[in-house]
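*Asks:* Work out the full structure, taking the sequences as your base and the hints as a guide.
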Amino acid sequence: MNHLPLIIKREYLTKVRNKSFVVMTILSPVIFIALIAVVAYITQLNNDKVHTISVLDESGVVADVFKGSEKTKYEILENMSLEDAKNITRTSENYGLLHIQKSDHFEDLSNTINFYSEESPSLRVVSDLENKIAKQLTDLKLIQEGIDVDLINNSKIKIDIVQESFEGEKTSKTDSILKLAFGGMAGYLLFMFIIIYGNMIMRSVIEEKTSRIIEIIISSVKPVQLMLGKIIGTSLAGITQFVIWLIIGGVLMALVSVLFGIDPGQLQNSQQEVLQQTLEQPELNVQVQNIMTSFFNLPIINLIVAFVLYFLGGYLLYSSLYAAIGAAVDNETDTQQFILPILMPLILAVYVGIFTVIEDPHGTVSVVFSFIPFTSPVVMLMRIPFGVPLWQQIVALLLLIATFMFTVWFAAKIYRVGILMYGKKPSYKELIKWIKY
Amino acid sequence: MSNLLEVQSVSKNFGTFKALNNVSITVPRGSIFGLLGPNGAGKTTLIRIINQITMPDSGTVRLDGEELCKDHIKDIGYLPEERGLYKSMKVGEQAMYLAQLKGLGKSEAKARLKYWFERLEIGDWWNKKIQELSKGMAQKVQFVVTVLHQPKLLIFDEPFSGFDPINANLIKDEILRIRDIGATVIFSTHRMESVEELCDDIALINKSNKILEGRLLDIKRQYKINTFEVGIETENKEKLHGLLSERFEVSPANFKTLNDELKLNIKIQNGDTPNTLFHYLSNHGEVSHFVELIPSVNDIFIQTVMNN
Chain A
1 MNHLPLIIKR
11 EYLTKVRNKS
21 FVVMTILSPV
31 IFIALIAVVA
41 YITQLNNDKV
51 HTISVLDESG
61 VVADVFKGSE
71 KTKYEILENM
81 SLEDAKNITR
91 TSENYGLLHI
101 QKSDHFEDLS
111 NTINFYSEES
121 PSLRVVSDLE
131 NKIAKQLTDL
141 KLIQEGIDVD
151 LINNSKIKID
161 IVQESFEGEK
171 TSKTDSILKL
181 AFGGMAGYLL
191 FMFIIIYGNM
201 IMRSVIEEKT
211 SRIIEIIISS
221 VKPVQLMLGK
231 IIGTSLAGIT
241 QFVIWLIIGG
251 VLMALVSVLF
261 GIDPGQLQNS
271 QQEVLQQTLE
281 QPELNVQVQN
291 IMTSFFNLPI
301 INLIVAFVLY
311 FLGGYLLYSS
321 LYAAIGAAVD
331 NETDTQQFIL
341 PILMPLILAV
351 YVGIFTVIED
361 PHGTVSVVFS
371 FIPFTSPVVM
381 LMRIPFGVPL
391 WQQIVALLLL
401 IATFMFTVWF
411 AAKIYRVGIL
421 MYGKKPSYKE
431 LIKWIKY
Chain B
1 MSNLLEVQSV
11 SKNFGTFKAL
21 NNVSITVPRG
31 SIFGLLGPNG
41 AGKTTLIRII
51 NQITMPDSGT
61 VRLDGEELCK
71 DHIKDIGYLP
81 EERGLYKSMK
91 VGEQAMYLAQ
101 LKGLGKSEAK
111 ARLKYWFERL
121 EIGDWWNKKI
131 QELSKGMAQK
141 VQFVVTVLHQ
151 PKLLIFDEPF
161 SGFDPINANL
171 IKDEILRIRD
181 IGATVIFSTH
191 RMESVEELCD
201 DIALINKSNK
211 ILEGRLLDIK
221 RQYKINTFEV
231 GIETENKEKL
241 HGLLSERFEV
251 SPANFKTLND
261 ELKLNIKIQN
271 GDTPNTLFHY
281 LSNHGEVSHF
291 VELIPSVNDI
301 FIQTVMNN
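Taken in order, these protein sequences are the chains called A and B.
Just so it is clear: in the first sequence, position 423 is 423 by our numbering, and no numbers are missing.
Just so it is clear: in the second sequence, position 187 is 187 by our numbering, and no numbers are missing.
Some hints here could point you the wrong way.
[Unchecked claim] Result set (DSBU-like, lysine-lysine): computed pairs, CA atoms no more than 35 Å apart in a straight line:
hint: 1; chain 1: B; residue 1: LYS114; chain 2: A; residue 2: LYS19
hint: 2; chain 1: A; residue 1: LYS102; chain 2: A; residue 2: LYS71
hint: 3; chain 1: A; residue 1: LYS9; chain 2: B; residue 2: LYS87
hint: 4; chain 1: B; residue 1: LYS87; chain 2: A; residue 2: LYS433
hint: 5; chain 1: A; residue 1: LYS222; chain 2: B; residue 2: LYS267
hint: 6; chain 1: A; residue 1: LYS9; chain 2: B; residue 2: LYS74
[What the hints assert, rightly or not] The following residues of chain B were derived to be distant from chain A, with all beta-carbon distances above 12 Å:
hint: 7; residue: THR16
hint: 8; residue: LYS110
hint: 9; residue: ARG191
hint: 10; residue: GLU229
hint: 11; residue: GLU249
hint: 12; residue: ASP272
hint: 13; residue: ASP299
hint: 14; residue: ILE302
FYI, nobody ran anything at the bench for these hints, they're computed from the structure.
From the three backbone atoms N, C-alpha and C, an ideal C-beta is built for every residue, glycine too.
*Replies:* The structure is reproduced here in structure tokens:
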């Protein structure tokens with residue numbers, strides 16, 4: 001009698017019908033998007049505010065660079081004392097007053113410029129002003145030295161190094177960024193999945209123990225079957241939840257963008273902006289084209305196959321351990337001691353992935369960690385977009401499968417004994433003893 | 001084959017702890033077999049081995065002449081002492097699930113469940129969740145699930161705990177009825193009066209060893225102490241007491257009567273029969289009370305375990 005499908009079905013249906021699961025599935029993306037929308041809205045509100053800055057230029061050489069833009073307007077004050085200018089600025093509730101002292105030589109100006117304001121000005125405003133003035137003064141200096149500014153501007157040459165491997169595979173910066181994004185996403189997804197649904201499996205094992213149904217079940221089903229059924233059923237529920245999240249999230253994101261005209265891209269943090277800027281240098285359609293070619297340059301089939309295999313292997317490896325923990329203890333508070341050693345390699349994998357793989361995807365550290373079974377799913381998934389030799393992928397996968405089979409065996413041993421043990425929280429020593437029963 | 005279950009020299013160790021030491025029991029077909037023993041004696045371990053939940057270190061278990069294997073799961077129904085159900089699952093769904101795990105088809109499981117639910121008058125509960133039921137109500141559901149697949153062997157561990165007297169009686173009658181239609185029952189309990197009432201055979205396990213096994217009546221005969229509780233109306237109680245003490249082994253007895261009689265426990269020996277005693281007594285007064293003291297299961301239990 002093979003009960004596996006029956007168990008999987010029950011686990012899946014119980015999970016999916018559970019009220020908190022349903023609520024979480026529907027609400028999470030809504031809350032997430034709402035949060036993004038609120039943040040975006042507030043940022044926009046901030047950006048939409050128009051600053052007016054008063055400028056008192058006694059030197060007379062800089063004032064004409066202050067042309068108003070959408071977000072910043074300039075009010076040029078002339079022929080008045082600094083005190084008057086300050087008063088005017090304050091009464092007209094302008095953002096601040098830029099004061100440039102009188103000077104015969106504009107070279108001397110650099111240290112004599114002040115900005116007065118009610119509150120300390122934002123960094124962006126100050127650096128914007130500094131840039132403007134510096135450029136103007138540099139140009140003036142160049143002209144004074146008899147150099148044609150236009151000539152300099154026209155002589156600038158942009159470089160985009162084309163990287164090519166000895167086999168003739170071309171890569172570019174766009175490629176690298178795309179690869180990072182792909183690998184990072186895959187690794188991170190696995191990490192989240194293990195934590196969320198591993199815990200869910202553990203809780204469901206504990207539930208069976210505390211409700212004392214386990215002995216009834218175990219008299220009709222082999223413990224290993226029950227454990228695998230639980231893992232698979234919960235994973236399917238997890239995949240369902242993920243897909244629903246993606247769909248709801250996508251639809252809502254589109255809706256929000258259309259309704260409020262918010263570009264989610266605005267929210268990218270500064271680091272990403274830097275990347276963005278490097279991307280933005282070429283013309284827009286060239287950029288899109290670049291991304292497309294980069295995308296098709298990725299080893300897509302390899303990526304998909306590897307993603308499925310490593311994801312499954314890594315997930316099963318960890319979730320069987322979670323199931324064993326659930327079997328070993330009576331209640332959730334006792335799980336902490338055992339969860340930590342499981343989380344450590346997982347967190348390590350993510351850190352190695354983020355810091356080392358980005359630095360050097362084929363460096364020693366990256367390679368070693370992409371072979372160690374407990375870290376390989378995450379690290380290897382991050383490395384693969386950069387091109388990993390097939391033999392490495394296969395060896396790592398075989399190692400992963402071997403370890404996975406071992407942990408399932410190990411977990412099943414603990415599970416078999418643990419589910420019938422009540423009372424005292426077992427020590428590691430006792431766990432090892434259980435394996436010999 | 002007259003025996004349904006034969007456990008032969010089964011031993012089981014947990015680490016250094018010996019849970020079962022060379023235990024053999026034989027359960028006759030169609031009987032109710034009482035598995036008795038103090039707490040921690042190894043009963044649950046033995047039951048788990050019969051259910052293939054744990055594997056014995058040595059020894060064999062034969063069901064219906066065949067060594068235990070996976071196929072026997074459907075031949076055994078087990079109601080563990082530590083029992084529970086999925087709290088947030090509906091009664092009907094849960095019963096269906098457990099029935100299917102025992103190998104019943106969907107439609108058959110449904111038909112049988114309907115029959116049993118009506119029989120035990122719990123038909124309205126089908127769509128209720130377990131957490132909405134009381135403990136006794138959940139026990140009823142559990143009982144149904146245990147017997148639903150009509151196993152040859154039923155193992156009940158403290159089946160009456162949690163039931164009120166009415167429902168306990170109901171369940172008892174169901175157990176007897178199931179026995180009468182051919183099933184064999186292993187019955188583990190600490191309630192000796194239900195052993196007295198239900199069991200045909202018993203086995204007693206103490207400290208991992210079986211110390212007693214057989215037909216309940218035979219065991220009682222074996223533990224017979226040839227002692228009679230008597231009451232005699234006589235004019236001179238002390239004189240009679242003295243006379244009896246010379247002839248038999250006597251000790252004071254205590255029971256309720258209407259008159260003021262001499263009450264004694266008298267043990268007969270040396271080829272005397274109950275009739276000898278009765279004639280002797282009737283010559284000295286009016287016998288108003290004459291009962292053989294039969295050892296109760298409770299007495300046997302305590303006596304054997306203490307001596308062991």
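*Asks:* A separate judgement is required for each hint: does it hold in the structure or not?
*Replies:* Now for the hints, and whether the structure bears them out:
Of the supplied pair hints, the one linking B:LYS114 and A:LYS19 holds, its CA atoms being roughly 28 Å apart against a limit of 35 Å. Taken as a hint, the A:LYS102 and A:LYS71 pair is honoured in the structure, with Cα atoms around 28 Å apart against an allowance of 35 Å. Taking the CA atoms of A:LYS9 and B:LYS87, the gap is near 17 Å; set against the 35 Å cutoff, the hint holds. Proposed proximity of B:LYS87 and A:LYS433 is supported: the alpha carbons are some 32 Å apart, at most 35 Å.
With a C-alpha separation of about 56 Å, the suggested pair A:LYS222 and B:LYS267 falls outside the 35 Å cut-off, and the hint is violated. A distance of roughly 21 Å separates the Cα atoms of A:LYS9 and B:LYS74; the hinted pair therefore holds under the 35 Å criterion. Listed as a non-interface residue, B:THR16 fails to keep its Cβ farther than 12 Å from every Cβ of chain A; the least gap is roughly 10 Å. No beta-carbon of chain A is positioned within 12 Å of the beta-carbon of B:LYS110; the least distance is around 15 Å.
With a least beta-carbon separation of about 20 Å from chain A, B:ARG191 lies farther than 12 Å from that chain, consistent with its non-interface assignment. No beta-carbon of chain A comes within 12 Å of the beta-carbon of B:GLU229; the shortest separation is about 45 Å. Distance to chain A confirms B:GLU249 as a non-interface residue, since its nearest Cβ pair spans about 49 Å, more than 12 Å. Its beta-carbon lying about 53 Å from the closest one in chain A, B:ASP272 satisfies the requirement of being farther than 12 Å from that chain.
For B:ASP299, the non-interface assignment is confirmed: its Cβ lies about 32 Å from the closest Cβ of chain A, beyond the 12 Å cut-off. Residue placement check: B:ILE302 keeps its beta carbon more than 12 Å from all beta carbons of chain A (closest about 28 Å).
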